[in-house]
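*Asks:* Below are the chains, spelled out letter by letter.
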Amino acid sequence: MNHKFVVGLCLIVVLAFSISISAHHGTNISYDHSRTLVLKGIVTEFRYSNPHCQIYFDVKDEKGDIQHWAGELTSPYNLAQAGWSRRRSEKELQPGTELTISVWPSKASTTAGVVTKITNSKGEQILSGRAE
Amino acid sequence: MRTRFMTVLIFAMMAILSSSAALAQTGQVARRVKPKSNLPFDPHDLSGVWSRTGGDRGMGSRPGVNVPPMTPAGQKLFDASRPGYGPRAVPPATGNDIVGECNPQGVPRLLFFPRPVEFIHLPNRLIQVFQWHRALREIWTDGRKVPTDPDTLRWYGYSAGKWEGDEFVVDSFGFDDRTWLDQYGYPHSDQMKLQERYHRIDHDTMEMTVIVNDPKIYAKPWVSEKKTWSLLSPEEYSLDGWNALAEEICAPIDEVDNFDKRVRDPAGGVVHK
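Which chain is which? The protein sequence lines are G and L, in order.
Take 3 as the starting number for the first sequence in the working numbering and just add one per residue.
Take 103 as the starting number for the second sequence in the working numbering and just add one per residue.
In short, the hints are calculated from the structure, not lab data.
Glycine included, C-beta positions come from ideal geometry on N, C-alpha and C.
Honestly, I wouldn't trust all of these hints.
Selected chain G positions facing chain L (Cβ under 10 Å, derived; list incomplete) [stated by the list, open to error]: (1) Pro53; (2) Gly73; (3) Asn122; (4) Gly125.
Straight-line C-alpha distance at most 25 Å; calculated BS3-like pairs for lysine-lysine [to be verified]: (5) Lys109(G) / Lys322(L); (6) Lys363(L) / Lys119(G); (7) Lys65(G) / Lys375(L).
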């Protein structure tokens, strides 16, 4: 096994896990943790509000129709402690911004999910919240 | 050498992930990474900003552990509760946890949430300021007894505290019975007598045990798991260089009008038109 590959793999796993457990506040039961959807979306609204930040974004489905998605994020306090202040977060999530957003989708098959990862157009992971 | 290094690394990652998974499930915050100090301390001084860092968010070490037998009335209330956490969890959109609409958490539930709480000693009372929900609680130390038949019930009850040796003992009564003991939906009545016992065991650490005496609901007193609290430094709890508790108010204009209607409820299959 290649040394760099193992180190890189471990880092990816830890990073992915650190954001995935940022879901909280008793809503976890609403989401299917066994299924991750990776969505290409355009931000329509971002709310940096307590106790749940929210991101709303549009996704084009296979037929070309627009789906309106709602994503649950961790609290502003957790984001801020991880370095994601309101200004920094809002700057990255301005309406119209294209992002790749991974979610654990609603078990009810609605277009809502708890966000596990957000990547911007430069490939940078943003808004990584701390576990609560 | 390289093989051994990679083996150790893989096992280390597995250990980190398994502990993180456990933390995620129990809601435990693993914030304190600094070593304990050996600074002197006064066991009768609880001043400072603390956070419950050890133990679960419920009465027991996990939901369902050490629960006393319930009375028929207690069992009926328990069966009617639909929490968002634990083995009986339902999507909050279809649950009945009043906290989801920003209603007060009450105690002991708020004491179990892993967020900073400032303890302020005044000559006649101890003030607890909770960052979570920005709740404030007064524990009177002027010798008064808690009322036995208060006219008005309170979300946080009526509290009086005194020292018994090195334990600060808080007795409370007069609670609004719409709150739950913890996030797992365990009920209490308006006749609940609540006792908290705080014991500062070193400069950085305090232990707390909660005792619920509520014969209308439980056939015998319920003694909680011993919870550990850690003293936090301003660097651990402050934001943006402002040396103070943050403001984590659950405002209905944000939570009910936006998050609940637009995220929580659709996620639970309840879509508002």
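*Asks:* Indicate, hint by hint, whether the structure satisfies it.
*Replies:* Hints, one by one, checked against the model:
no. : hint                  : verdict
1   : Pro53                 : holds, 6 Å
2   : Gly73                 : holds, 7 Å
3   : Asn122                : violated, 22 Å
4   : Gly125                : violated, 23 Å
5   : Lys109(G) / Lys322(L) : violated, 39 Å
6   : Lys363(L) / Lys119(G) : holds, 23 Å
7   : Lys65(G) / Lys375(L)  : holds, 24 Å
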